[in-house]
Amino acid sequence: MSDYQYDNQTVKGFIVSSIFWGVVGILIGLWISIQMWKPELNIAPFFTFGRLRAVHTNGLAFGLGVGAIFGITYYILMRLCKRPLIFPKLARFHLYLFNAAIALAALSLFAGMNQSLEYAELEWPLDIGVVILWVIFAINVFGTIIKRKEEQMYISLWFIIATVIAVAVLYIVNNLSIPATLTKSYHLFAGVNSANVEWWYGHNAVGFVFTTPILAMFYYFLPKSTGLPIFSHRLSIIAFWSLVFAYLWTGAHHLVYTPLPDWIQTLAIAFTIFLIAPSWGSVVNGYYTVGQDWDKMRTNYLTKFFILGITFYGLQTVQGPTQGLRVVSQLIHYTDWVPGHVHMGTMGWVTMTVAASIYYIIPKIYNTEIYSEKVANTHFWLVLIGQLIFSITMWITGIQQGALQKAVNPDGSLAYSMIEIIAKNYPYWQMRTLGGVIFTIGMLFFIYNIYMTVRKGKALAAPRA
Amino acid sequence: MAGEIYRKPIMFAIVAAVVILIGTAVTMFFPMLTPEMHPKLEGLKPYTALQLAGKDIYQREGCHYCHTQTVRPLKTEVMRYGEYSKAGEFAYDRPFLWGSKRTGPDLARIGGKYPDAWHYRHFENPRAFFAQSNMPSYAFMKNSMLDGEEIAAHMRANNFPYTPEDINALNGKTEMDALVAYMQVIGTSVKKEMPVKVAEVEVKNPLAGKPEAIAEGKKLFAGNCAICHSADGKGGIGPSLVDDEFLYVKGDLADDDYFEIINNGTKEGMVEEGRTAKGGMPPFGAQMDKNKIWSLVAYIRSIQGK
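If you read the sequences in order, they're chains A and B. All residue numbers in the first sequence are consecutive under this note's numbering, ending with 728. All residue numbers in the second sequence are consecutive under this note's numbering, ending with 319.
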């Protein structure tokens with residue numbers, strides 16, 4: 264028997280909250296995907312595409328993503344440090360404040376309070392709230408690690424530490440602004456400089472929200488679920504340090520061919536190509552870990568979530584650098600290819616890994632088994648198919664958009680007007696909605712499975728009559 | 014020993030922070046200290062109160078999610094939109110509004126491309142102009158009034174000069190007025206080049222009276238011209254094409270003048286055969302080859318009964 268109590272309540276609270284915000288974000292995602300081909304679904308002023316898109320991205324990145332990261336990180340932290348959180352009450356307050364902040368964030372975005380910085384849309388009072396949330400998180404992470412009862416810090420803890428540091432720097436710097444009123448501010452940085460700061464932030468928000476904390480989960484839950492040790496500790500050391508070093512140089516690959524100085528663009532492109540190596544360090548490590556016993560793919564239902572997740576991470580981190588190249592960027596930048604790329608990462612890698620981690624955690628917390636592996640398998644195939652339909656149709660239509668915008672007649676005049684190009688997108692946009700619906704149904708299977716597992720666990724725990 | 018670091022969290026955090034901050038310092042902090050990140054074109058003016066109000070609305074409505082404001086230095090892009098974007102155009106944009114996705118067209122050179130009336134009608138109902146457009150309708154802005162005091166606070170935060178009269182002048186103005194004013198100033202600090210003229214144009218339309226040309230012209234007219242000149246050519250936002258005036262003076266012009274105006278558009282003060290244009294017609298030369306323009310002329314002649 265252990266002589267200490269893990270704070271499972273807060274972990275559960277964050278998981279349930281993140282699932283709730285995930286549902287909100289996904290449903291709004293479906294709505295805006297339909298708005299693309301059915302503009303009548305824009306209900307001005309609060310529910311037009313321009314406002315809902317921000318609710319969708321923020322709801323999922325901060326509500327689902329960061330919520331799950333908080334909860335699952337706390338779970339991992341307590342196990343790897345072999346002790347409860349250093350400030351459990353603060354963690355509980357963290358949970359309440361998190362939900363209040365996300366709710367206010369959603370309302371403010373519906374109301375059009377938007378800094379116009381992608382993934383940093385929230386206005387300054389909410390930014391202060393986010394910083395407070397992050398400080399509380401950092402206190403608990405560092406406090407618990409410092410007072411840990413296990414000497415060696417496992418790989419996941421490295422990624423968690425890097426996340427805490429990098430996100431703090433990124434978020435604070437990019438959100439520096441000049442407040443005009445309580446609901447409106449102007450970026451401290453202007454023009455070209457503002458663009459450089461924003462995409463330094465924007466790309467690394469992906470790096471340190473959608474990559475490092477998710478890798479922390481991957482390195483922890485893959486061995487836990489399969490019982491197989493991580494293949495190479497040395498490889499994970501190399502992958503970690505080169506990843507956190509290289510990421511921060513790459514933001515300007517979002518600004519290829521813009522008026523940003525060329526040398527910053529070129530440097531960013533070069534580091535982006537380099538970034539394939541550390542990303543694939545983790546991919547290879549994942550493959551070789553399961554490669555110790557491929558039978559696990561069949562016998563352990565979680566293994567395929569992790570392996571497909573890391574596969575999409577691998578594809579994502581090759582596709583991304585390819586897109587950064589000038590020759591590719593000039594064709595597909597500003598087209599629907601890019602949402603196709605982003606959603607492979609979020610729907611394929613992040614959601615797959617987070618869902619598998621939750622599948623692992625919930626039965627453990629409730630001292631039971633998962634309600635149904637069959638339901639989990641259905642969930643797996645539906646989200647996989649939904650995401651593939653989404654990404655592949657967007658890649659096709661993205662290339663088409665790029666090519667038609669460049670197409671010329673024999674005499675050199677432009678072959679297509681913009682409205683003709685837009686009209687050609689409709690079948691693909693409808694197809695994307697179909698992919699989204701399939702993905703959503705998959706997520707409903709996931710939620711049902713978690714709900715039933717919790718119910719089962721509660722029934723077991725109830726005192727017998 | 015290097016392995017020690019994995020047992021010392023504070024040391025680990027410090028090393029990690031340094032490693033993370035190197036790229037940040039080189040690509041983000043360092044450039045900020047150099048003048049190349051703070052360029053400003055000579056002709057660039059701070060936004061007026063009305064324009065800033067419009068820009069605020071542009072941000073509020075998330076226009077930047079579907080419209081970019083940066084023309085890349087690529088041949089077809091310059092043909093489609095105009096002069097490529099310069100670093101010094103954006104000194105008053107906090108933040109930059111270049112965007113990342115072109116669901117609709119780029120807007121970096123929208124200023125002055127269409128007359129105000131075009132924008133009012135288009136914001137109210139984009140599908141009245143382009144049946145296949147997926148842009149939301151923003152009719153509600155016609156009835157939302159501006160709040161002068163709030164805009165004054167926004168002007169102060171930006172350090173833009175304004176007078177109390179400027180703020181008073183906002184009385185009675187709608188959000189739509191502000192948004193149109195913003196549209197008309199975007200990208201205007203860069204001189205617009207006229208599209209390259211076709212080197213040799215026949216004086217007489219070589220396709221005049223040809224049925225296939227008239228049929229082709231009819232299609233082109235419906236898709237490109239009817240928006241402003243109405244389906245029957247009797248005018249709307251733009252002047253009538255079937256009356257006996259041309260550029261506000263009685264009397265017709267020759268085929269090659271028609272060609273030139275369709276090819277180049279009109280700018281305020283532009284003089285064509287001694288007649289002064291009021292401006293507001295966008296150029297079509299980049300998206301229509303010679304045959305298409307001559308077909309259009311043939312069609313216009315046919316509805317004129319000539």
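Think of the hints as simulated: they come from the structure by calculation, not from any bench. Cβ coordinates follow ideal geometry from the N, Cα and C atoms, glycine included. A few of these clues could be false.
[Unchecked claim] In silico EDC-like pairs for lysine to aspartate or glutamate, Cα to Cα no more than 16 Å straight-line:
1) B:K303 <-> A:D674
2) B:K99 <-> A:D525
3) B:K21 <-> A:D525
[Stated by the list, open to error] Pulled from the structure, derived: some chain B residues nowhere near chain A, Cβ distances all over 10 Å:
4) H51
5) R134
6) Q197
7) C241
8) S243
9) D257
10) Y261
11) K263
12) L266
13) E286
Hint check results:
1. For the hint pairing K303 of chain B with D674 of chain A, the CA-to-CA distance comes to about 8 Å; that is within 16 Å, so the pair holds.
2. Distance check on the hinted pair: K99 of chain B and D525 of chain A sit about 13 Å apart at the alpha-carbon level, within 16 Å; holds.
3. Proposed proximity of K21 of chain B and D525 of chain A is contradicted: the alpha carbons are some 41 Å apart, above 16 Å.
4. Its closest Cβ contact with chain A, about 6 Å, brings H51 of chain B to no more than 10 Å, contrary to its assignment away from the interface.
5. At roughly 16 Å from the closest C-beta of chain A, the C-beta of R134 of chain B stays outside 10 Å, upholding its exclusion from the interface.
6. The beta carbon of Q197 of chain B sits about 19 Å from the closest Cβ of chain A, which is more than 10 Å, so the claim that it is off the interface holds.
7. No Cβ of chain A approaches the Cβ of C241 of chain B within 10 Å, the least distance being about 15 Å, so the stated non-interface status holds.
8. With a closest Cβ-Cβ approach of about 18 Å to chain A, S243 of chain B is found to remain outside the 10 Å limit, as its non-interface label requires.
9. Once the 10 Å rule is applied to beta carbons, D257 of chain B is consistent with being away from chain A; the minimum gap is 31 Å.
10. Residue-level check passed: Y261 of chain B sits 28 Å from the nearest beta carbon of chain A, beyond 10 Å.
11. The beta carbon of K263 of chain B is kept farther than 10 Å from every beta carbon of chain A, the shortest such distance being approximately 33 Å.
12. Listed as a non-interface residue, L266 of chain B keeps its Cβ farther than 10 Å from every Cβ of chain A; the least gap is roughly 23 Å.
13. Every CB of chain A lies more than 10 Å from the CB of E286 of chain B, the least distance being 25 Å, so the non-interface label holds.
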